[in-house]
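Visitor: Each chain is listed here by its residues.
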Amino acid sequence: MRGPNGRNRAFWTRCGLGVAAGLALAALVLTGCSSPSPPPVEAVQLGLTDRPTLDRLLETHRGRVVLIDFWATWCPPCVQLFPHSVDLARRYADRGLSVVCVSLDDPKDDAAVRSFLAAQGATATENFLARNGSGSETAAEFQIEGGAIPFLKVYDRQGRLRTTVTGADLPKIEHAVLELLDEK
Amino acid sequence: MTRTWWTMSMVAAAVVLAAAGCEAAGVKIGDAGPAWSGVPGTDGRPHALADCKDAKLVVLVFTCNHCPVARAFEDRLIALQKDYKPQGVAVVAVNVNNIPDDVLEPMKKRAEEKGFNFPYLYDATQKMGHDYGATVTPHVFVLDKDRKIAYMGAVDDKQDAASVKTHFLRDALDALLAGKAPPKAVTQQYGCGIRYEKN
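Residue numbers (the working numbering), protein chains in the order written: chain A, 6 to 189; chain B, 9 to 207.
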């Protein structure tokens with residue numbers, strides 16, 4: 006059989022096989038280059054918290070540096086910052102850093118928060134939803150200065166609040182964490 | 009859900025934080041409320057504090073288009089103006105952000121869509137925000153009959169209207185209209201950081 010340009014079936018078969026092989030190779034390469042699959046949603050721990058609960062949690066982390074990241078899924082700078090918090094938790098856990106992420110999303114939106122956390126691979130962080138949801142009450146409860154998120158608090162190994170950061174100021178956050186990790 | 013999240017993210021596409029030091033120290037309770045004049049509104053007219061000379065109380069609300077928190081309070085502000093206008097309360101909303109979603113044309117559209125029953129001003133100079141020390145949207149300041157700051161902070165305690173337990177602003181207005189001090193003169197403002205431009 007002749008093809009549209011007068012070529013035979015074998016030629017077009019070879020072309021087809023070549024294209025298919027190329028696509029398969031590309032798919033393999035892309036798969037291999039992509040980051041590991043995120044953990045399933047069920048693998049992400051998400052609890053409810055309020056000020057007394059968070060204070061008790063800080064007590065249990067005495068001896069470690071604690072970074073608390075107040076964030077929400079509807080807040081683009083928070084979403085931009087979040088991978089950095091996950092990264093810090095992974096990189097510095099062995100040096101004594103614990104990262105606690107408190108979402109100010111409405112507790113009714115916990116499914117969306119869980120999905121986000123799973124997509125971020127947020128298994129090295131301790132994840133919570135603010136029990137009282139989003140609003141002035143919660144901002145006052147957690148002493149979120151200026152009333153806007155992302156807002157971060159960094160506690161030293163003695164449990165003292167040493168630094169607060171407003172906004173996705175990555176260098177400032179990491180600097181504050183490293184400085185406290187270096188303290189004995 | 010992904011679509012909802014994406015839409016919300018886009019709507020909120022420029023939420024930034026009130027960086028410390030980017031706004032003036034602002035006002036405190038008892039200070040004279042800084043006057044404004046010649047500030048354009050979505051109605052095409054210039055506005056001034058003096059326009060409210062007949063009002064017993066003025067509720068100045070820093071708000072904007074893009075912020076999901078600010079948007080969550082729009083209906084509450086409309087209801088508040090409706091409920092308190094007969095008692096001599098004037099609500100004035102102002103946006104001082106200069107991002108594309110928050111300039112005058114989209115503001116006009118939003119005011120029309122929502123049926124704002126109060127002026128919606130655009131202060132591109134951001135002077136009003138600096139004068140009052142507004143940090144977020146929404147951020148409320150109540151000026152009493154002498155145009156002194158009598159209340160500042162949040163509209164109420166929750167972003168979700170159905171969950172509100174304490175109506176800070178309404179409680180303050182009720183007290184002031186009765187000649188009393190607000191039960192809480194200062195509450196924690198909460199929302200999207202105002203985008204102050206560095207000079």
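The set of hints was computed from the structure by calculation and includes no laboratory data.
Idealized CB from N, CA, C, for every residue including glycine.
Please note that a few of the clues may not be correct.
[What the hints assert, rightly or not] Here are some of the chain A residues that sit facing chain B, going by a computed Cβ distance under 7 angstroms:
#1 W79
#2 A98
#3 D99
#4 P112
#5 D115
#6 A145
#7 G151
#8 A153
#9 G164
#10 T168
#11 T169
Visitor: Any hints this thing doesn't respect? Which numbers, in order?
Guide: 2, 3, 4, 5, 9, 10, 11
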